[in-house]
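Participant: Residue-level listing of the chains:
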Amino acid sequence: MNQRSAVYLDLLGILLAIVAALVIGILVIFLVSDEPVAALQALLIEPFTTLFSFGSILNRMIPLVFTGLAIVVVFQSGVFSMGAEGQLYIGALTGALAAVYLPEMSPWVHIPLVILAALIGGALYGFLPGLLKAYFKADEIVSTLMFNFIATLFVSYLLNYVFKAPDSGGFARLPFIQESARLGPIFDGFPTHAGFLLALLAALAVYLLLYKTKTGYELRTVGKNPLFAEYGGIKPKKVLILSIVISGALAGLGGTVEVIGLHGTLKDNFSAGLGFDGIIVSLLARNHPIAVLLSAFFYAYLQVGGQIMQANSDVPRDLAIIIQALLVIFVSSQAIFAYLKQRKLMSSRGGERVAK
Amino acid sequence: MLSSLWEQTINLTLFVILLRMMPPILLGALGGLMTDRAGVINIGIEGLMLVSAFTSIAAGSATGSWIIGIAAGVLAAMVVSYAMAFFSLKMNVDIIVTGFAVNIFGAGITVLMMSILYDSHGNYVPEHPVSIPNIVIPFLDQIPFIGKLLSGHNLMVWISILAVVFCYFLLYHTPYGTHLRATGEEPSAARSLGISVVRIQYSALVWSGFFAGLAGSYLSMGMTSMFVRDMTAGTGFLALAVVIFGNRNPFGILAGSAVFALATAMTMIIETTPGNVIPSQFIKMVPYIVTIVALVVYAIRKHRKTLFT
Chain A
1 MNQRSAVYLD
11 LLGILLAIVA
21 ALVIGILVIF
31 LVSDEPVAAL
41 QALLIEPFTT
51 LFSFGSILNR
61 MIPLVFTGLA
71 IVVVFQSGVF
81 SMGAEGQLYI
91 GALTGALAAV
101 YLPEMSPWVH
111 IPLVILAALI
121 GGALYGFLPG
131 LLKAYFKADE
141 IVSTLMFNFI
151 ATLFVSYLLN
161 YVFKAPDSGG
171 FARLPFIQES
181 ARLGPIFDGF
191 PTHAGFLLAL
201 LAALAVYLLL
211 YKTKTGYELR
221 TVGKNPLFAE
231 YGGIKPKKVL
241 ILSIVISGAL
251 AGLGGTVEVI
261 GLHGTLKDNF
271 SAGLGFDGII
281 VSLLARNHPI
291 AVLLSAFFYA
301 YLQVGGQIMQ
311 ANSDVPRDLA
321 IIIQALLVIF
331 VSSQAIFAYL
341 KQRKLMSSRG
351 GERVAK
Chain B
1 MLSSLWEQTI
11 NLTLFVILLR
21 MMPPILLGAL
31 GGLMTDRAGV
41 INIGIEGLML
51 VSAFTSIAAG
61 SATGSWIIGI
71 AAGVLAAMVV
81 SYAMAFFSLK
91 MNVDIIVTGF
101 AVNIFGAGIT
111 VLMMSILYDS
121 HGNYVPEHPV
131 SIPNIVIPFL
141 DQIPFIGKLL
151 SGHNLMVWIS
161 ILAVVFCYFL
171 LYHTPYGTHL
181 RATGEEPSAA
191 RSLGISVVRI
201 QYSALVWSGF
211 FAGLAGSYLS
221 MGMTSMFVRD
231 MTAGTGFLAL
241 AVVIFGNRNP
251 FGILAGSAVF
261 ALATAMTMII
271 ETTPGNVIPS
281 QFIKMVPYIV
291 TIVALVVYAI
301 RKHRKTLFT
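Just so you know, the sequences run in chain order A and B. No gaps in the numbering here: position 42 of the first sequence is 42 in the working numbering, and each next residue is one more. No gaps in the numbering here: position 258 of the second sequence is 258 in the working numbering, and each next residue is one more.
Simulated from the structure, these hints should not be mistaken for lab results. Bear in mind the structure is a predicted one, so any value in this text is a computation, not a measurement.
Distance ranges between label pairs, derived from CB positions:
#, chain 1, residue 1, chain 2, residue 2, range
1, B, Gly234, A, Phe228, 34 to 44 Å
2, B, Ile278, A, Thr49, 44 to 54 Å
3, A, Pro166, B, Lys148, 37 to 47 Å
4, B, Glu186, A, Arg4, 38 to 48 Å
5, A, Leu27, B, Tyr176, 32 to 42 Å
Glycine included, each C-beta is placed from N, C-alpha and C at the ideal position.
Chain A with its partners taken away, still in its complex shape:
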C-alpha cells in the first residue's frame, strides 16, 4: 500500500473516531436533557454564530497550540514527558517578570525580549527532567508529573510572598504588565489577540524543524527506533535532552502568551490543566505539528460550545469533557486503524489474506 493511501486511511479513521465520540455525546444529551435540540444547537452551532464566540474559540486555541506542539516534539522523539504544565508555569513566570519589570522601551524590543525570557524559562525547566532521564535513567513520566507540582507551588509562593501586587488581595497575582509588552487584538474590534499569529508561526517552525532539518530527522529516528538511531551514529542522550528542552520552550512561550495576550498579568493557578490539554491536542493530531492547529481549534470549539450549552440549556459543559475523553480513546485505538489497513490491503489484492 502506498504512503498516500495510508494517510487517507488514517484521516478516515480519525474522522470515524470523531463522529463516534460526537454520536455518543449526542445520545447522552438526548438521554439527560429536556431540551436536547436547544442544547445541541448551543454546543455545535452557536460558537460560530457571533464574532465574539468565534473570537474566543481562537483565543482558547492559542495556548493549546503551544502546549500541543510541545507534546508533539517529545512524543515524536519517543519521550513521554507529561511536563508541559510545569514548563508552562515557569515560562509564564520568566516572561511575565520581563513584561512587568524591564525598563520602559519600544514594544518592538520589549515583546521579543519577553518571548525570549519565556523560551529560556520553559527550556531550562524541561532541561532538568531531560538531564535526569539521560544520565540517571529516571523515568520521565513520574519525574515530569512531580516537576509540574513543584512549578505550580513555586510560582504560587513567588506570587504570594515575593512579587505580589499590593492591590491584589486574596487572589495573588503580579502587578499588571507594561503596555509595551501587551499583545493587542489582531485587528480592531476582533477579540482574538496577536498571540494567534505567534501560534501559527510556532506550528510552522516545529513543522520545519521536525521534517526539514537534520536535527528533526534525528529526533524522529530516535522516536521510531532508538537502537537503529544509535547504530546510525545519532547520540540518543543529546536527542532526548534536546527534544524536552524544545518542548519546554514551546510550553513556556504558551504560558507567557496567555499572560501578555489574555490576562495582562500572571495569576496564581491560571492554567488549570493547559499542559495536559496539550496531550489531548497532540494525540488528536497524531503528533503532527500542522494538524495540531486543526485539533486545537476543534478542542477549543468543543470547550466554547460546552460553555454556551451550559449557559443556554440544562446540559452542563462537562459533557464536552466526556466527548474529549472518548475522542482520545477512539483516536488512539490502533486496533481499529490496523483493521482498516488490513481490509484495504485485502481488497487491493483481490481479497486474499496477506502476511504482515
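Chain A is already provided as a structure; the job is to place chain B on it using the hints.
Facilitator: Using the frame of chain A, we list chain B on its own:
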C-alpha cells in the same frame, strides 16, 4: 510556631491527622503497585478515585448504608478499569494514553452526573449523610496515650493497612503474584513459560480499580461527607509517586504514604498556626522533591551496571 508544632506532635494530634490523610494515598498507591509490577502502569488512578468517590456517596446516601456505598464505588471503579484494560490490551491504545483518558473521563462524568442527579456543579452534600464509621476500641480508648494512638480511627485506616499485608502476600506468596511479577519483569519470558500475559495484565488493572475504588469511597464518605468536583486534587498522581518512593514494595509504600501524609498534616497544622513564617508551598513541595530524588536513586540502583558507560 515550632513549639506549637512540637506540642501537637506530643499530644498526638499530628499523628491523628496523619492517619486521616493516609488511606487515599496508600490505597491509590497499592492500586498503582499492582499495575506497575505487571508492566501496565496505570496513570488513571486519579480518575478511578473520582468515579468511586461520587458513586459511593450517591449510592450510600440513597440507600442509607455505607457498606452499599463502598461496594457501589468499588464496583464502578472496577468497571472503568476493566474498560481501560479492554482499550489498552485489546484495542492497542497506549496504556499512558488510556490512563490519561480515564482521568479526563472521571472528572467529566462525575460532574455531569452530579448536575443531572443533584442539580449542582460544584459539590454535593447529602441531606442524610452516611459515613464509614470510626472504630472505637472499648476500654483501650480510656487509656490516655494508647487510647489516642489506637482508638477512634476510621475503619478505612485499618482496611488500608490490612491491604498492605494482603498485597504483600498476594505478590510474594502466591503463584498468581509470581506470575504477575514475571509478567512485569519480562513479558516475553513469562509468555514462553505459558503465563497468559494479557490475562494477568487485565487482572492487575482491575485490582487497581478495586484499590482506587476503596480510596475514592473514603474521600467522600470518610475524610469528608460530601463530593466536591475534582476532589482528588492530585492524590492519584501522588500515589504513583509513592509507588516509586516505596521502591515498588507494599511495605515501602506504607512508609512512603506515611511520609506524604505527614507532609500534608504538617502543612495543615502550620497553616493554622498563628505567627507562621514558613510558606506552606515549601512544605507541600517536599514530598515531590523527595520523590524525584527517590526516582533517581532507584534508577541508579537498577541500572548501576549500564550507567556511565
